[in-house]
Each structure stands twice: as C-alpha cells, then as structure tokens.
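Start from the sequences, fold in the hints, and give me the full structure.
These protein sequences, in sequence, are chains X and S.
When the letters of the first sequence are read in order and numbered with the numbering used here, they come out as residues 1 to 276.
When the letters of the second sequence are read in order and numbered with the numbering used here, they come out as residues 1 to 256.
Since the hints were derived computationally from the structure, they do not count as laboratory data.
Predicted model, so just to flag it, every value in this text is computed and none were measured.
Note that beta-carbon positions come from the ideal geometry of N, C-alpha and C, so glycine has one too.
Treat each hint with caution, since some may be false.
These stretches of chain S come out as covered by chain X in the derived footprint (C-beta under 8 Å, 3 or more residues) [claimed, not checked]:
(1) 72-83
(2) 96-106
(3) 209-216
(4) 221-232
(5) 241-248
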Amino acid sequence: MATFGAEDEFSVAQAAPNVRFAKVKSLVGAGLLVLGLPLALLTLWWAASINGLVSPQVLPQPDWVVHTFLDLLASGDILTAAAVSFRRIADGFLIGATLGFFFGLLIGKSTTADAYLGPTFRALAAVPSLGWLPILILLLGIEESLKIVILAKACFVPMAISTAEGARNIPAGLTEVAQVLGLRKRTRFLKLTIPAMAPFIASGVRLSLSQAFISLIVVEMLAGTDGLGYMMVWGRTLFQLDIVIVGMIVVGVVGFVLDILLKRAESLIIKGSGDG
Amino acid sequence: MAERLLRTLFPRGAVVPMTAAAIWWLASSTGLLSGPIAVSPLQVIQTPFLDASGRELWAALLASMMRVFAGGLLGGVAGLILGYVAGMYRAAGLGLSPTIHTVRQVALLAWIPLLTAWFGNGEGTKLVFTALSTFFPLFLATEQGIRQVPKPLVEVAQTLALRPTTRILRLYLPAALPNICVGLQIAALSAWIGTIGAEYAIGNGRGLGSYVASARDQFRMDIVIVGVFALAAGGVLLAAAIRLASLKLSPWNREI
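Structure, rendered in structure tokens:
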C-alpha cells in the first residue's frame, strides 16, 4: 500500500503543472467552441449580404442593423416603445396579479370555493392569450384597455395557481400551533400565512411577469399601434428588416434580463423564508 | 339522499358555468344584449354545423392539425437529434447550447415578421414557425434528459462495449424518455398555439387561426367563440393524448 501511496504522490507532483495547463487549454477550447457557431453565422450573414447574395429587403447587412439600433436609440424610438410596453406590463401586472392573489387565496383556503370556481377557472385558463385576443378585440376594439385586459389575464392565471398551491401547502403543524396559541386573525395572516406562502407567491410573480412579457409581444404585434412588438411589425411593413432584427434583439435581451432578475429575486425570497 | 342526487346531476363545478350560460341566454333572448356582436348561446352551438361560414371550422381544424403534424415533425426531429448530440458530447453541447439558448430568449411570435420576409406569406412561414416552436422545448428536454443519464449505467455500457445502436436504444433513450415526454407535451402545445398564431398573424390560407381572423374582421362573434373554443379544446386534447402515449411508451416514468 505504501508504495502505491508514494507513487500516487509522485505522479500528482509531476502532473500538477500539466493539470493547470490543461485547464487553461480546455477553457480556451470551450470559449472557442461557444463562440464558434455565432461567429460562423455572423460571418455567413455578413458575407452573403456584402456580396449581394441576398437582397437587403430579406437580410440587411449586420452593420446596418447596428447602425439602425444606434439611430433608434439616439432618436429615442426604442426607449419610447419600451416605456409604452413597460407601462402596459406594470398596469396589467398590478391588476392581474392582485386579483390572482386574492382568487388563489380563496380557492386555496376554501375547498367549497374551489369546488364551485376551480373547474371554471381551469377551463378558462386553458384558453391562451392568443385565443382571448380576437374575442376581446370584438368587445373592446384595439384600444389600450384591450392590452391591459390581456396582460392582466396573463398575470392572473399563474398568480392564482401559485397562490392557491401556497395556501394549500401551509404546514398543518404551524396552523395547529397558531390555533393553540389563539393568535388573532391578523397576526396569523401576517406571521404565518404570508411567510409560509412567500416562496409560492415569489414564483407566481416570476411566472406571471414572464407570461405578461410574452403576451405583450403577442398583443402588440397583432393588435398594436405602438410599443416594442409593434416596432417589429412596422419595420416589416416598411420592408426594413434591420428594424425587425433590432426589435427581435431588444425583445430577446429584455426577456432574458427580466428572467434572470426574477429568478434571482425568487431564490432570495425562498432563502429568506427558509431562514425565517 | 336528495342532496347527493342533486350533486351527481349538477356537480358543484358546473354551477358557475351553467348560471353564466343561463344569464347569457336570458339576456340575449329578452333583447337586453343587443348589437352586432351580441350572439345567443344557441347560435354559437349551431354555428359549426348549420352556418355556411361556420361550417368551415372542420376543414380549418384539419388544415391546422396537418400543419402541426408536419411542422412538429420537422422541428421535433431536429430538436431530438440536436438535443441528443448536445447532451451526449461535451464539445457539441458547448458549441450548440449557448447559441440555441440565446436565440430562444426571443419571444416566439417575434419571429413572424422576419420569417414572412424570408419565406413569404404562405405555407413556408407557417411550417417553419411551427417547426421552430416545437424545436426549442424538445431540444431543451432531450439535452437535459441525456445529461441526466446515470453515470454508473454509462460506465457499465462502456465496460460491456455495447454497440452504439444498442447503447442509444437500450440506455440513453429509455433513461431520457421521462424528460423527453414532458418536453413533448410542452412542444405539442407550443406547436399547436404556434401554428394558430402564425395563421392568425398572416391571415390567409386555411386553418383555425385564419378562420378566427376572418370571423373577427366580419364581426362574427359566434364564429370567433367557436374557433377559440376549438383552439383551447384542441390544446387540451393534444396534451392529454401525448400524456397517454407517454404512459404507454414508458411505464417506468413517474414524472408525468
């Protein structure tokens, strides 16, 4: 055994610098691999558009896209569109998530309410935003109220489902303790119900905001006159694909950042409620 | 006893929709609800069978289903293969996954303007869009499933020097199947909504989306309601069918 041990040590000492070198090498290799496909696609795009293989109405040059992006940013078009879109999300979220929270609390806490309202709610929740759109267009036109109602619905459903789940999952032991201690309703709600449900509420908020963002794009593209989604439709009507591509990139980046921020906030809240 | 009979005849979940339908019917038959878009529930039920333009529902449904099938097959096979490759080989995973995950961040419908410029306002765009909406969820699920294949089993397969086909069919596919099945459900719903979204946005040709879009333009609320009901029911049925098929395919699967 001793000889084996010595041998091991010997080989480790020998291999140590190699390991570090191999690590660097594999990191560089990984970086090259990650960047390979995007770079290849970008080169292909650039080469095809420079040499006139594709018309600019089908695929504009990459530098045009950058140029258009800077133009739209400098003129404030992107910011105005984004402001309009965010205002809609905020309004829709405030209305939809609040209602969804109370509805979720109701069907989560009371089995009678769930028996009466649950099936109807689940059936209506199965209709995607895309389905509500034509019905609501006929009822409301393509005014601002249409967008708010669609976004509110998009927030309502995940919020209600998560809250109901949270309300059902309050540990029975804690409820009994609260009963034994004879806590007042208000204390019980603030000290037991809300903290126990916090992780579920957090994931409800995350899901409803990401749903709202997707629905926002749907409603602005199909029934919009302004906002980020409309910017792409507008670019397409003008045959300015550079605007379309800028719009897609902005939508992608905004969606990505939103997702990351919300996931981080959710994990913070889950950790916080676990400590508490 | 009487209460129990009442409950089985009218389950509590049916109270709200039945009351709503009764109020709707009363309001429209007494003329409280009037105007160009006011329709009665009876009219909505008759529309897919008796109305001339309402009857196009069935052809539209068939067209959309075919599109989901064709586009879904295209995107699904691509998603399965690329997901397998990306999950299986580290190099391929590094080369493919970050790019695909980045591209996935773009909300799906935002692809439509670009795709219509590339593939025109016809069948091409709709198929590519459906394929795209199937591809992403299935790629994700397959990649994850393959990555989660238990290491000891992989080592056993190596020690036994199994042939690649045996290894795929006997180890990787069964181990990744639970993930793939969940991905398949998401992908099917995504393909269904994607197809109808593309039809709705483009607005020409046959399909459930264009059926609803043209009814909306003609202010035919009854047809719109029928179409939207078909959209929701189709999605639920599709998901249920896939879940059933997954259970048959992988009885060892407990994640469904």
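| task | Check each numbered hint against the structure and report the violated ones by number, ascending. | result | Violated: hints 1, 5.
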